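Trainee: Here are the chains, one letter per residue:
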Amino acid sequence: MAKNKTILYAAILAFTFIAPFAFPNFGTQLATLWLMIIVALTWDMTGGQMGYNSLGNIFFYGTGMYVAALISIGMVYDIGAYTNAAGGGIYKFTDLQYFGGLALGVLGAGLFCSIVAVVIGYLTFGLRGPYFAIGTLGVAIAAGELVSNWDWVGGGQGIALPVYPGDLDTGKIFFYFLFAAVGVSVFLFAKWLYGTRFGAAINAIRDDEEKADAMGIHTLRYKLYTWAMAAFFVGMAGGISAFQLIHFEPLESAYQTINLGIFMVVCVLLGGKGTLWGPVIGAILFHVFKEVTWNYLLGWQWVALGALIVVTVVYFQDGVMGWLVHKRPEWFGIKVEEKVAEQAE
Amino acid sequence: MTSIIEVQNVSKSFGGVVANHDVSMTVNSGTITGLIGPNGSGKTTLFNSIVGYHPIDGGSIQFEGEEISRLPVQQIARRGLLRTFQQTRIYGAMNGVENMLISLPHRKMSIWDALKTYTKEDYERADHLLEFVGLYEKRLLKSGDLSFGQQKLLEFAMALMNEPTCLLLDEPTAGINPTLINGLIDRLKRANTEFGITLFVIEHNMRVIMNMAETIYCLAHGELLAQGTPDEIQNDQRVIDAYLGAH
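In order, the protein sequence lines correspond to chains A and B.
Here the first sequence stands for residues -18 to 326, numbered as in our numbering.
Here the second sequence stands for residues 104 to 350, numbered as in our numbering.
Treat the hints with care, as some may be off.
As the list claims (entries may be wrong) - Each computed DMTMM-like pair below joins lysine to aspartate or glutamate, with the alpha-carbon atoms no more than 25 Å apart:
1) K219/B to E233/A
2) K211/B to E126/A
3) K172/A to D289/B
4) K219/B to D248/B
5) K172/A to D225/B
6) K172/A to E190/A
7) K211/B to E191/A
8) K308/A to E227/B
9) K271/A to E233/A
10) K(-16)/A to E190/A
11) K245/B to E191/A
12) K245/B to E233/A
13) K223/B to E311/A
Unchecked claim - Only some residues are given here: those of chain B computed to face chain A with a beta carbon under 7 Å:
14) G168
15) S172
16) L174
17) V176
18) R181
19) R192
20) S213
21) T222
22) G237
23) N265
24) T268
Unchecked claim - Pair ranges (Cβ atoms, derived):
25) G195/B to I(-12)/A: 52 to 60 Å
26) V120/B to I239/A: 30 to 38 Å
27) N285/B to S166/A: 52 to 60 Å
28) S250/B to I154/A: 37 to 45 Å
29) Y277/A to S250/B: 34 to 42 Å
30) I284/B to H307/A: 54 to 62 Å
31) N142/B to W304/A: 24 to 32 Å
32) T222/B to E311/A: 36 to 44 Å
33) N285/B to E311/A: 29 to 37 Å
34) V269/A to G299/B: 53 to 61 Å
35) S166/A to H231/B: 31 to 39 Å
36) G247/B to L(-6)/A: 46 to 54 Å
37) D299/A to G237/B: 27 to 35 Å
Hints were generated in silico from the structure; no laboratory data involved.
Here the structure is a predicted model, which means the values were calculated and not measured.
C-beta atoms are modelled at their ideal positions from N, C-alpha and C, and glycine is treated no differently.
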């Protein structure tokens, strides 16, 4: 069994490396798929594993975009002058400035989002269930509106970043591997975290927070840390997106609550909440569904998407993984075990 | 004999309803103490006050000599004063072993300890305690699917896993079938003698409480009606009138 798992992981990793070269026309699509996997896995950290359904995780994506962009620009130029629409200046970046800015920007975006998550978490984790969802959604919407009125960061026009210094196809592969690296990291991180006492504690909060309190678990502390971890990865993903998109603006691409902000939730519901593989499977299914309908059902694509959400929420709440657990519990070790060890003694 | 819980003149009202009025009692370290009384007499309210679920209106509650009446639930739990619930509370989506592992004491656990995986000893202890309450065979089943009685046993095992110094049990035998009750009495007594845990037990089953407790307090209408050994309580006319009834 362990051997099969190793082969499976090796195959997936090998496919990850080969994919952008085997399907060169789908480079950006595959990069976006990794982005979906990242936001789905991180959403599940609080939504699925801890029982706090955030609709505001997109806030970290947008904030990550801005922080990464501002760091990389600010290292070389005056930000106010750079973002001034009427300035008309030409700003050049050397290779070192570009890649150095990208590396520090993406890392800084992750760290900044983590800190902000602790602050917002402190204010919102007193809310439960739908109130937490709406509260966090409010944070994301408000942030988008505030940023779009903040001229220093480009206001409603957003920010244009330098273009990847190499040729375009290499750039696509470069961003694919950045997203893939973060995606694989999130997966391995989550796999490890859910096996620790920390993972068990956040599961306890999900199942019965009052009981967890009564057992002496530091519930608020675990909630803050979990959200900060999720925000770190989402912030980094946002930072990479900023460089990949080259130009972004606050409401449609950064704080896109009704697109990516909802998609990540749908991915997790589709794949199965509170499981390690659910968000990954869900992200793949969702991304394929979305691209197929956007290509072949154009004009009806949002209707098809809405139908998918309704069907998932009404008839398929446990997702693919939940359905599998229900159908094949023995695959997941759910069984009555006889006392073999005791009798042998 | 040293006291572990000192309740002095505690009062608690919900709006116009006086749930506890001027209640004082002492739980001695290492003993089993019972709390009885008719429905609505304020037993669970007193438990909730002790473990910090709600602030009290007046009086003092001390645990191991320290005032705890203003501390939040988690801090009191981390001091080693734990309670089980009348409406059993377990983590239903997880199996028995996971329920047990989660219940490891967090009082000395730093965030770095929390990032470790469970050790072989943790698993052995979980298995041992599940064996102790008779749930070993069902330990890999989703605990939400266990019967009510089994969930009660699991909750008791979880409490033991937390290594409390004092355990408040709210009706441990309610909903458990008569044959299992004997086993449970035995286990509660063993938890007291073998693990050295002080027990403070709310119980409606008189056979159970009279067999276990050394001291019993009886509440009625939110006030302390009587206290004494099981024999004294059984023969106290006030208790018979208010609660036990004449046989």
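Trainee: All hints are to be evaluated individually against the structure, with a verdict given for each.
Mentor: These are the hints, each one checked on the structure:
For a cut-off of 25 Å, the pair hint linking K219/B to E233/A is broken: about 41 Å separates their Cα positions. Distance check on the hinted pair: K211/B and E126/A sit about 45 Å apart at the alpha-carbon level, beyond 25 Å; violated. About 41 Å separates the Cα atoms of K172/A and D289/B, which puts this hinted pair outside 25 Å; it is violated. Straight-line distance between C-alpha atoms of K219/B and D248/B comes to about 29 Å, which puts the hinted pair past the 25 Å bound.
Under the criterion of a C-alpha separation no larger than 25 Å, the hint pairing K172/A with D225/B is consistent with the structure, at around 20 Å. As the CA atoms of K172/A and E190/A are separated by approximately 23 Å, the hinted pair is consistent with the 25 Å bound. Between K211/B and E191/A the alpha-carbon distance is near 20 Å, which keeps this suggested pair within the 25 Å criterion. Between K308/A and E227/B the CA atoms are separated by roughly 30 Å; this puts the pair beyond 25 Å, and the hint is violated.
Simply put, K271/A and E233/A have alpha-carbon atoms about 18 Å apart, close enough for the 25 Å limit, and the pair holds. Annotation: proposed proximity of K(-16)/A to E190/A is violated, straight-line Cα distance about 37 Å (limit 25 Å). As the CA atoms of K245/B and E191/A are separated by approximately 20 Å, the hinted pair is consistent with the 25 Å bound. At most 25 Å may separate the alpha-carbon atoms for a hinted pair to count; K245/B and E233/A exceed this at roughly 43 Å.
For a cut-off of 25 Å, the pair hint linking K223/B to E311/A stands: about 23 Å separates their Cα positions. Given the 7 Å rule on beta carbons, the hint for G168/B is violated: about 20 Å separates it from the nearest Cβ of chain A. Hint status for S172/B: violated, given a least beta-carbon distance of 17 Å to chain A, over 7 Å. Interface hint at L174/B: violated, since its Cβ lies 12 Å from the closest Cβ of chain A, which is beyond the 7 Å cut-off.
Because the smallest distance between the Cβ of V176/B and any Cβ of chain A comes to about 5 Å, under 7 Å, the interface hint for this residue holds. A cut of 7 Å between beta carbons decides the hint on R181/B: the least distance to chain A is about 4 Å, and the hint holds. About 4 Å separates the beta-carbon of R192/B from the nearest beta-carbon of chain A, less than 7 Å, and the hint is met. Annotation: S213/B was flagged as interfacial toward chain A, and the flag is violated, the nearest CB pair being 10 Å apart, outside 7 Å.
Checking T222/B against chain A by beta carbon gives a least distance of about 10 Å; that is not within 7 Å, so the hint is violated. Here the hint on G237/B is broken, as its CB sits about 11 Å from the closest CB of chain A, past 7 Å. Interface hint at N265/B: satisfied, since its Cβ lies 6 Å from the closest Cβ of chain A, which is below the 7 Å cut-off. Checking T268/B against chain A by beta carbon gives a least distance of about 12 Å; that is not within 7 Å, so the hint is violated.
Range check, G195/B to I(-12)/A: Cβ separation about 35 Å, and the 52 to 60 Å hint is violated. Between V120/B and I239/A, the C-beta spacing of about 48 Å breaks the proposed range 30 to 38 Å. A C-beta distance of roughly 55 Å is found between N285/B and S166/A, which places it inside the suggested range of 52 to 60 Å. Roughly 57 Å separates the CB atoms of S250/B and I154/A, a value that falls outside the hinted 37 to 45 Å.
As the Cβ distance of Y277/A to S250/B is approximately 52 Å, the hint placing it in 34 to 42 Å is violated. At roughly 35 Å, the beta carbons of I284/B and H307/A sit outside the given window of 54 to 62 Å. N142/B and W304/A have their C-beta atoms about 44 Å apart, which leaves the hinted 24 to 32 Å range violated. Evaluation of the 36 to 44 Å hint for T222/B and E311/A yields a failure: the beta carbon distance comes to about 27 Å.
Separated by about 35 Å at the C-beta atoms, N285/B and E311/A satisfy the suggested range of 29 to 37 Å. Between V269/A and G299/B the Cβ separation comes to about 60 Å, which falls inside the hinted range of 53 to 61 Å. Separation of S166/A from H231/B is about 38 Å and conforms to the stated range, judged on CB atoms against 31 to 39 Å. Between G247/B and L(-6)/A the beta carbon distance is about 36 Å. The supplied range of 46 to 54 Å is therefore violated.
Range check, D299/A to G237/B: Cβ separation about 31 Å, and the 27 to 35 Å hint holds.
Comparing the model with each earlier hint shows violations of hints 1, 2, 3, 4, 8, 10, 12, 14, 15, 16, 20, 21, 22, 24, 25, 26, 28, 29, 30, 31, 32 and 36; every other hint is respected.
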